[in-house]
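J.: With the hints as extra help, turn the sequences into a complete structure.
4 protein chains.
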Amino acid sequence: MIIVMEENATDDQIVAVVDRLVQLGFDIHRSTGARYTILGAVGSRLADLRALELLEGVNKVVRVSSPYKLAARAFRPEGTRIQVQDLTIGQGCCVVMAGPGTIESRAQLESIAEALASRKVRVLTGNVTRISSDPFGFQGLGEEGLRILREVADAHGMATLSEISDASQLPLFERYVDLIRVGGRQMKNFALLKELSRQSKPVILTRGESSTIEETLISADYLMCGGNHQVIVCESGIRTFETYTRLTLDLAAPAVVGKLSHLPIVADPSQACGRRDKVSSLARAALAAGVDGLLLEVHHDPDRALCDGAQSLSIAQFHSLMDRLERIAAAVEKAL
Amino acid sequence: MIIVMEENATDDQIVAVVDRLVQLGFDIHRSTGARYTILGAVGSRLADLRALELLEGVNKVVRVSSPYKLAARAFRPEGTRIQVQDLTIGQGCCVVMAGPGTIESRAQLESIAEALASRKVRVLTGNVTRISSDPFGFQGLGEEGLRILREVADAHGMATLSEISDASQLPLFERYVDLIRVGGRQMKNFALLKELSRQSKPVILTRGESSTIEETLISADYLMCGGNHQVIVCESGIRTFETYTRLTLDLAAPAVVGKLSHLPIVADPSQACGRRDKVSSLARAALAAGVDGLLLEVHHDPDRALCDGAQSLSIAQFHSLMDRLERIAAAVEKAL
Amino acid sequence: MIIVMEENATDDQIVAVVDRLVQLGFDIHRSTGARYTILGAVGSRLADLRALELLEGVNKVVRVSSPYKLAARAFRPEGTRIQVQDLTIGQGCCVVMAGPGTIESRAQLESIAEALASRKVRVLTGNVTRISSDPFGFQGLGEEGLRILREVADAHGMATLSEISDASQLPLFERYVDLIRVGGRQMKNFALLKELSRQSKPVILTRGESSTIEETLISADYLMCGGNHQVIVCESGIRTFETYTRLTLDLAAPAVVGKLSHLPIVADPSQACGRRDKVSSLARAALAAGVDGLLLEVHHDPDRALCDGAQSLSIAQFHSLMDRLERIAAAVEKAL
Amino acid sequence: MIIVMEENATDDQIVAVVDRLVQLGFDIHRSTGARYTILGAVGSRLADLRALELLEGVNKVVRVSSPYKLAARAFRPEGTRIQVQDLTIGQGCCVVMAGPGTIESRAQLESIAEALASRKVRVLTGNVTRISSDPFGFQGLGEEGLRILREVADAHGMATLSEISDASQLPLFERYVDLIRVGGRQMKNFALLKELSRQSKPVILTRGESSTIEETLISADYLMCGGNHQVIVCESGIRTFETYTRLTLDLAAPAVVGKLSHLPIVADPSQACGRRDKVSSLARAALAAGVDGLLLEVHHDPDRALCDGAQSLSIAQFHSLMDRLERIAAAVEKAL
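Residue numbers (numbering that gives the first Met the number 0), protein chains in the order written: chain A, 0 to 335; chain B, 0 to 335; chain C, 0 to 335; chain D, 0 to 335.
Derived from the structure by calculation, the hints contain no laboratory data.
Label-pair distances were calculated between CB atoms; the ranges are: (1) D:V41 <-> B:G156: 56 to 64 Å; (2) A:D85 <-> B:D11: 44 to 52 Å; (3) C:A190 <-> D:R34: 54 to 62 Å; (4) A:A190 <-> C:Q22: 57 to 65 Å; (5) D:R62 <-> A:G136: 48 to 56 Å; (6) C:I27 <-> B:G24: 27 to 35 Å; (7) B:G226 <-> C:Q22: 45 to 53 Å; (8) A:R80 <-> C:S104: 42 to 50 Å.
Selected chain B positions facing chain D (in silico; Cβ < 10 Å): (9) T211; (10) E213; (11) D249; (12) A252; (13) P253; (14) P268; (15) A271; (16) C272; (17) D276; (18) S279; (19) A284; (20) A287; (21) A288; (22) I327; (23) A330.
Which residues of chain A face chain C? A few of them, derived with a C-beta cut under 10 Å, are: (24) T211; (25) P253; (26) G257; (27) C272; (28) R274; (29) A284; (30) A285; (31) R326; (32) A330.
Quick reminder that beta carbons are idealized off the backbone N, C-alpha and C, glycines included.
T.: Right under this line is the structure:
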């Protein structure tokens with residue numbers, strides 16, 4: 000941590016800041032320049048930078064060390080690969096994970112899974128608790144939904160992925176789900192992250208819609224602090240002034256996360272744009288930008304979906320997108 | 000709901016849209032203009048506007064009715080007053096609610112409460128679960144903290160206010176807390192809101208940092224759907240490109256909420272700016288803008304606070320602020 | 000325009016609104032529903048929606064017609080092609096336009112142009128007025144720069160593109176420049192747009208960093224109102240809370256602009272990310288998302304560039320990117 | 000400037016960075032810690048931080064010195080007072096500056112000025128070039144408008160304030176206008192700022208709608224670099240996700256600008272909210288927050304204003320607001 004004093008800071012002020020830092024357990028290196036005094040502070044604790052900035056005579060406080068450690072590239076320079084069944088995520092391929100937004104029935108999921116399996120999709124997705132602003136609408140199938148997900152996936156040799164909405168669901172998720180997703184709204188639910196850091200399934204951490212990449216990696220660190228290092232970052236769009244699409248997919252994220260962190264990164268174009276007619280171009284762009292996976296909402300009858308039909312691809316649209324993704328994957332040398 | 004068709008929509012397209020709406024249970028009124036055909040759709044269900052906009056030939060879909068009902072001004076034109084003990088919120092006064100960000104010990108809370116009581120503050124605040132990005136820092140006192148809050152408040156004839164972080168805490172909150180706060184990060188945690196709608200304590204609903212006022216009122220509606228209409232809206236800042244302060248307090252919110260809704264609105268300048276040296280001017284501004292209450296973080300030794308000391312007023316700063324608020328309250332004819 | 004009255008609007012209020020609309024020259028269609036009265040207003044003038052919303056008893060005012068006309072897809076459903084010399088933009092190809100951020104000298108531009116020409120780049124770009132926050136830094140070569148641009152481009156059979164910073168530069172631009180770019184900061188400089196609408200060169204209109212796509216198309220309309228319909232939209236990033244990159248490139252924009260408008264759209268990944276190490280993945284993504292062109296900043300010695308070197312590709316990086324773009328272009332069936 | 004190297008940076012990388020900095024003219028102080036090497040660089044030139052961050056082995060580059068100098072508090076710790084006729088801005092008072100958004104006619108301005116003068120408003124405002132997205136609407140009176148402004152103001156002993164839209168208008172503004180306003184859209188029009196820095200009238204610099212306070216002060220620096228130090232900062236709202244109001248007035252800005260800079264700050268609630276029914280509460284809040292002045296749009300017949308009527312107070316609303324402001328001014332000990 001570096002504390003830059005004001006140009007006109009008095010010696011008393013400087014001494015007071017040094018005292019405060021020593022109290023907080025930091026070792027101090029004082030460097031007196033022609034115009035500024037700069038204090039370097041080294042220690043193991045996280046200090047509240049804002050509190051230090053309020054001390055008299057302080058101009059600016061700058062964190063030198065990264066605010067995340069376990070998620071940082073330096074922690075594992077060669078990169079992390081996540082193993083799900085016989086599938087590897089984070090390794091020269093782009094894993095397609097697809098399914099309905101919310102599981103409605105066994106028949107629904109079977110129709111969809113069949114189409115997905117025909118294109119060699121290896122991860123079947125589907126949520127079972129609906130997070131909706133309508134208190135009287137469809138609320139999801141709960142455990143029954145997870146059981147259906149598991150059985151349909153098994154029938155096709157697929158892994159399962161579902162979004163957890165509450166720590167109390169964890170035992171169920173451990174039984175039925177291979178990849179546990181944390182939604183963007185929960186990205187800073189640190190109590191949930193802590194619970195998840197102690198179990199052994201890989202976790203997909205979705206960037207919150209008004210969060211930065213750094214904040215996302217801080218949450219990833221939290222998720223890893225209990226020993227589970229199987230974390231995948233998911234870019235699913237950030238809120239901007241643009242309203243035509245639900246959110247704006249940040250396609251610099253794959254390259255930025257790849258530089259700052261060793262974790263794989265996947266993209267969710269369906270959630271990002273919220274409109275099925277824009278999913279295809281975003282999915283192609285994400286693949287070309289270098290993501291390690293794509294999450295796609297697919298529905299066999301989107302106009303009659305109980306929820307989020309607007310952002311679900313029809314089976315025909317899914318096939319057409321897969322054709323295009325296959326050509327791009329070959330061009331960018333990623334296995335699909 | 001109004002569906003505006005494209006200028007060049009074909010009759011087949013129009014008929015298909017009408018059919019779809021009828022299927023969804025809407026009554027339709029078709030109005031054919033010189034350039035556009037416009038469909039009016041009346042029904043009781045919420046439709047997914049985005050899904051309708053994707054139908055062929057549709058240009059735009061506009062919701063006519065308000066997306067919230069119970070929270071709307073029309074539901075109770077005379078305005079809502081919340082009763083807490085013998086205190087009324089939402090009625091020509093500005094209720095100051097103050098205390099430490101997080102309760103650290105009985106001694107701490109007693110020191111602070113004494114100073115507050117000397118200025119006739121009637122609501123004592125303090126959190127017991129710390130929501131922090133540091134997995135190894137102070138995590139709050141939990142139930143012990145609530146018990147301290149209750150006892151210290153009772154000793155001074157004050158009501159209690161604390162932030163709930165999880166539905167599982169509800170029984171404890173019902174026992175110890177008079178005003179239950181929902182933090183901004185939980186504003187769209189609909190499962191929690193639904194739980195809270197079924198209990199009887201008043202709830203302070205904090206606007207999320209990237210939420211609009213309309214979205215806040217939709218959450219308020221959710222909170223009221225179980226029968227508890229004792230809801231207070233809290234403006235505690237929204238995220239903007241400005242980084243000097245943590246968030247930007249939206250001081251048009253009191254007037255806007257007052258027009259759109261019958262619910263009282265309070266402001267939290269401490270959380271909004273995150274720096275104690277800017278709290279005073281925002282608190283004064285909020286009072287002049289017409290809020291029904293102010294939430295203030297106060298600490299007897301902010302430099303040694305276990306958390307969020309940077310945004311806590313010292314006792315001396317609190318007294319000085321109260322002096323200034325008293326003068327402004329008189330000028331704007333609000334009882335403090 | 001549709002005016003939705005409040006549920007409890009009185010008849011006097013409705014009549015007053017009708018009178019006001021008639022005064023403003025609108026024809027009115029009144030539709031009295033069970034709960035709401037809705038007024039349809041048809042007329043040729045643009046009305047101030049906010050002013051109408053302030054009338055007593057009005058709940059909401061909704062514009063039915065598009066706020067832009069000439070730029071709307073309906074105006075030219077088959078799409079617009081822009082002709083520059085023998086080059087066509089907006090027609091199954093992705094035109095690469097490249098050069099230094101700012102022209103520094105003839106030698107500089109010649110070095111760069113040679114590399115570009117070797118990859119069949121057909122449009123040479125370079126600015127001559129530097130827009131910088133440093134009042135004492137390099138300010139650009141002005142007319143001398145335009146002359147160099149023209150001559151170097153001619154030597155390689157390339158077209159020229161430069162950004163105009165002021166209407167007074169127009170005569171110079173008409174002499175030397177084939178494609179006139181309007182920067183994002185000038186997107187709402189309506190006086191400049193009006194001047195440009197009266198000349199005959201094609202214009203590249205850059206979306207402002209906090210503008211929506213709709214606002215961009217409104218500016219495009221302005222640019223076309225004088226008769227020059229040769230307009231290209233440029234997505235060059237929007238401001239978000241993310242700070243690692245300068246801006247966030249919105250790669251839903253190609254699909255959205257393609258639906259709403261007949262105008263071609265190009266992307267500028269260099270300006271969007273502001274860091275050369277992220278330009279390549281964004282450029283690939285933009286191509287896969289379907290843009291009609293790419294603007295790339297390339298410098299023969301970026302570490303010694305007088306400005307914006309950080310976002311300029313080196314010659315080697317440019318070649319490597321072109322290799323990758325060529326493969327993706329083949330996969331998405333676009334001529335590069 | 001401080002350059003923090005990566006933990007695993009090699010010595011060759013460190014030497015390369017040092018060499019680059021020396022080349023750029025910096026003096027270097029190298030500090031080798033247990034984990035990081037940190038380089039302090041002192042020099043007179045502005046370096047491109049992003050370019051340095053791209054060097055191999057660099058983790059982070061932090062600017063130590065303020066990016067603005069002349070506008071910084073340290074430059075004139077006692078604060079700046081601006082003299083306009085016999086009026087002082089920035090000195091324990093809150094100067095009300097009011098008038099129509101755009102001057103429409105002499106009769107209009109006289110009606111309004113009379114009402115303003117009756118409340119001792121000392122600065123008459125009015126624009127003469129309309130910046131509008133409607134190419135066919137009213138465009139402002141130009142020089143004729145400035146002449147009317149001057150004459151009507153003189154008749155009431157008022158000073159004049161108008162917004163300049165182009166450097167070419169400067170001679171006219173020097174003749175007729177006492178306070179020249181730069182609008183938010185022009186805040187980064189550095190060419191215009193440079194022109195204005197060479198003339199002698201005080202300038203009101205409006206913060207851009209997506210600009211930070213720091214960026215505003217950088218523009219203020221630009222405005223002062225030619226010798227004119229008579230600059231007033233104007234907070235007129237920043238763009239946020241909230242859409243009910245046009246922009247969100249940042250009322251931490253008075254306290255923040257007061258700490259960072261010696262320049263006076265005024266607020267423009269009319270432009271910020273864009274709706275006359277919300278202007279009053281924002282104006283009161285701004286006064287309580289400590290602004291040195293208020294800009295108010297007032298119209299004798301807002302429903303018939305040629306433009307921006309929605310955000311203009313009627314004469315009756317203006318009187319009512321002044322009554323309330325007078326009481327608050329007394330409470331906060333500011334002369335109105």
